[in-house]
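Peer 1: Here are the chains, one letter per residue:
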Amino acid sequence: MAVPKKRTSRSRKGMRRSHDHVAVPNVVYCECGEPNLPHRACSVCGNYKGRQVVSGDDA
Amino acid sequence: MRHRKSGRKLNRSNSHRTAMFKNMARALLTYEQIRTTDVKAKELRRVVDKLITLALRNDLHARRQAYKVLGNHQLVQRLFDEIGPRFAGGQGGYTRIIKLSQPRTGDCAPMVIIELTKKASDAPAPEKVEEKAADTAAKEAPAKKAPAKKAAPKAEAPAEETAPAPEEAPVEEAPAEEAPVEEAPVEEAPAEEPDPKKEA
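Taken in sequence, the protein lines are chains A and B.
All residue numbers for the first sequence refer to this note's numbering, where the first residue is 7 and numbers rise by one.
All residue numbers for the second sequence refer to this note's numbering, where the first residue is 14 and numbers rise by one.
A few of these clues could be false.
[Claimed, not checked] Listed next, with one range per pair, are the computed distances between beta-carbon atoms:
hint, chain 1, residue 1, chain 2, residue 2, range
1, B, HIS86, A, VAL28, 39 to 45 Å
2, B, CYS121, A, GLU40, 16 to 22 Å
3, B, THR118, A, ALA8, 42 to 48 Å
4, B, GLN90, A, VAL30, 50 to 56 Å
5, A, SER49, B, ASP120, 16 to 22 Å
6, A, SER15, B, ASP51, 42 to 48 Å
7, A, THR14, B, ALA32, 52 to 58 Å
8, B, GLY20, A, SER49, 27 to 33 Å
9, A, VAL33, B, ASN71, 44 to 50 Å
10, A, SER17, B, ASP120, 38 to 44 Å
11, B, PRO123, A, MET21, 30 to 36 Å
12, B, THR130, A, SER24, 43 to 49 Å
13, B, LYS35, A, MET21, 51 to 57 Å
To be clear, the hints were calculated from the coordinates, so they are not data collected in a lab.
No experiment lies behind these values; they were computed from the predicted model shown.
Note that the Cβ used here is the ideal one computed from N, Cα and C, for glycine as well.
If we strip away everything but chain B, and leave its shape as in the complex, we get (with noise of 0.2 Å):
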């Protein structure tokens, strides 16, 4: 019976288990956000949670004990100096879990990605990071109008600018010299080009 035994074997022996949760756990917190199948990832939320709780705890026995784990002195300074501090007054919740529209090729294994909540890129300017989100998605953002307008005009306003500056150069460049020799190639120049791009 399975009474009171908790975990998923995930179809491994125990020690191989063991060994890829250690694994799993230090890359997360090696890169705070990594891409995995959803199975392992609710299975290393009780690893990862764990650490950070030891982390919060900050004395010699709890770094003795994560190092049990991380198996690397440097990352258990960086969890305890750096991870950790972000969570402090934490009771849980450190942790986060996104699943991914496209499951795995091969065996269509539901992916997602499990990520630290609050991560380093996050502490120093939340607001900032808000707007390279918006920037990026840029058309499917409408939360902040204001800023996707202004934006646009002066996307379009250099784009203007700049195209008619070309134009004029050959213009001056073409009556200073000899104007009928010239001015037949540089429209030769442009017909030609639009052809390939079609064909290609």
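So here's chain A without its partners, still in its complex pose (with noise of 0.2 Å):
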């Protein structure tokens, strides 16, 4: 069976998780303000596109 020669070292293990990180997601700010997900409705005031998409509990 495969075994590892060496012990990792922290600096490889660091290398190696160098790129493990959660992707930052892309913010917009909606015209009344708050920040928001690109090509999505507003979750305060449910605007989308300038247009009233939807009422207030539904947001």
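Grab the two chains, each in its own frame, and use the hints to assemble them into the complex.
Peer 2: What follows is the structure, encoded as structure tokens:
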């Protein structure tokens, strides 16, 4: 069975994990000023492309 | 292999899937706007767009084909007589999917609103609908600055008018009757009222 010859150093471990990160979501600002995900109706005011898409409870 | 097999299975048997999309098509044609998951909405487009194409054909065979999906003569009538004519001359694009920000609680499924692009409410007066949306939005609609500014002073003006009126009324009443006795409770009353509000 294949067995590692050397223990992985802290440095190697860190270098391997340098690309392990959670993607940061892009943020756009709604006309009401709230941060929001792009291409989605605003979760606060329910507007999308200048139109009231969702009524209050549904947003 | 998946060659030339389009469509999503959605973890359902064929009969389950068919029944679900029949129900969803009925709901969408009834309410013109429904909230569902992203994937279901994308799949529902295939069903509803075909129904509206049938409505545009508007012959007996098309009605019978639509009835096979809808299973409801009233709904077929509504589809052919009310919904279909709105899309006359169209080449598609009968439905619109708008993504919502908040995923579903529980399984974090991305939610959308799927709607008919031409609704009954839009047809008679599209301008009024836009104004209503602007009024409800108020803060975030600087597109029409003039009406927004006009609306603001109007809203303030009646508030100022109504505000001094009740203040004058008790003042007039107080000197007419026993002045010192009634002024005291009037002053106490407003002083006591704000306190419980602050505590609450």
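Peer 1: So, for every hint listed, does it hold in this structure?
Peer 2: Right, here's what the structure says about each hint:
no., hint, in the structure
1, HIS86(B) <-> VAL28(A): 39 to 45 Å, "53 Å, violated"
2, CYS121(B) <-> GLU40(A): 16 to 22 Å, "21 Å, holds"
3, THR118(B) <-> ALA8(A): 42 to 48 Å, "45 Å, holds"
4, GLN90(B) <-> VAL30(A): 50 to 56 Å, "52 Å, holds"
5, SER49(A) <-> ASP120(B): 16 to 22 Å, "18 Å, holds"
6, SER15(A) <-> ASP51(B): 42 to 48 Å, "44 Å, holds"
7, THR14(A) <-> ALA32(B): 52 to 58 Å, "54 Å, holds"
8, GLY20(B) <-> SER49(A): 27 to 33 Å, "31 Å, holds"
9, VAL33(A) <-> ASN71(B): 44 to 50 Å, "47 Å, holds"
10, SER17(A) <-> ASP120(B): 38 to 44 Å, "40 Å, holds"
11, PRO123(B) <-> MET21(A): 30 to 36 Å, "35 Å, holds"
12, THR130(B) <-> SER24(A): 43 to 49 Å, "47 Å, holds"
13, LYS35(B) <-> MET21(A): 51 to 57 Å, "55 Å, holds"
In summary, the structure is inconsistent with hint 1 from the numbered list given earlier, while agreeing with all the others.
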